[in-house]
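**Student:** Single-letter residue listing:
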Amino acid sequence: DAGVIQSPRHEVTEMGQEVTLRCKPISGHNSLFWYRQTMMRGLELLIYFNNNVPIDDSGMPEDRFSAKMPNASFSTLKIQPSEPRDSAVYFCASSFLAGGIETQYFGPGTRLLVL
Amino acid sequence: GESVGLHLPTLSVQEGDNSIINCAYSNSASDYFIWYKQESGKGPQFIIDIRSNMDKRQGQRVTVLLNKTVKHLSLQIAATQPGDSAVYFCAESQAGTALIFGKGTTLSVSS
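Taken in order, these protein sequences are the chains called H and S. My numbering puts the first residue of the first sequence at 1061, with every later residue one more than the last. My numbering puts the first residue of the second sequence at 200, with every later residue one more than the last.
Do not take every clue at face value.
What the hints assert, rightly or not - Derived DSSO-like pairs: lysine-lysine, alpha-carbon spacing no greater than 27 angstroms straight-line:
1) S/K236 / H/K1084
2) S/K255 / H/K1138
3) S/K270 / H/K1138
4) H/K1084 / S/K241
5) H/K1128 / H/K1084
6) S/K241 / S/K302
7) S/K255 / S/K236
8) H/K1128 / S/K255
9) S/K267 / S/K241
To be verified - Over the 10 angstroms line for every Cβ pair with chain H, so calculated as not near, a few chain S residues:
10) P208
11) I219
12) Y224
13) Q244
14) D248
15) L264
16) P281
17) S292
18) I299
19) K302
To be verified - Partial list, computed: chain H residues near chain S (C-beta under 7 angstroms):
20) G1102
21) L1106
22) N1110
23) P1114
24) A1132
25) F1134
26) A1148
27) F1151
28) F1166
29) L1173
Quick caveat, the hints were computed from the structure, so don't treat them as lab data. Built from N, CA and C at the ideal position, the CB exists for glycine as well.
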């Protein structure tokens, strides 16, 4: 199994630009999670989907952030416009939720730097 | 153990020693707990999990202990190796809701 795939692995952009992060979950998993990791805040859950439907987006910082999951094998996290404080590592994780137990498997992350 | 703040707690051990990483969780209703290992430049990697109806679970070189009375979780690593050096996160979940992660503990293994 290829695991969770994220692209790009690194992104450097200028303030005000649009950034799109992509994720392909593990085949067969029905839940997908987007996290942001910084030294200050640690791992923060931004949003998660179950069966392609957003369940909880309370962690999304503000309207500049949006996430979509058009099908079971693809999700995007978009930041528009980007700001320097958005610089972080963004992780996507997937799981198969069954009986209340969910082991999440993380992708390698996208390291975002907004100048 | 886990703590809130800018600096992650650090545990330094010698190769071959046993390591114990502690975590205090917040929700007494949490029924599922996981330990993750994160190496530099990589995503968190699943190590071991435990349900609230258990108080101990063993894996290969790792043991997780759960004390629900004091809301405490620990990860024991036997015969610690340099490859175990990483940041370790505990996470909790209640009834299938999203995991809540702790801040992490840095394990440093010297040979």
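**Student:** Need the list of violated hint numbers for this structure, in ascending order.
**Tutor:** Failing hints, ascending: 2, 3, 8, 9, 13, 14, 17, 18, 19, 21, 22, 23, 24, 25, 26 and 29.
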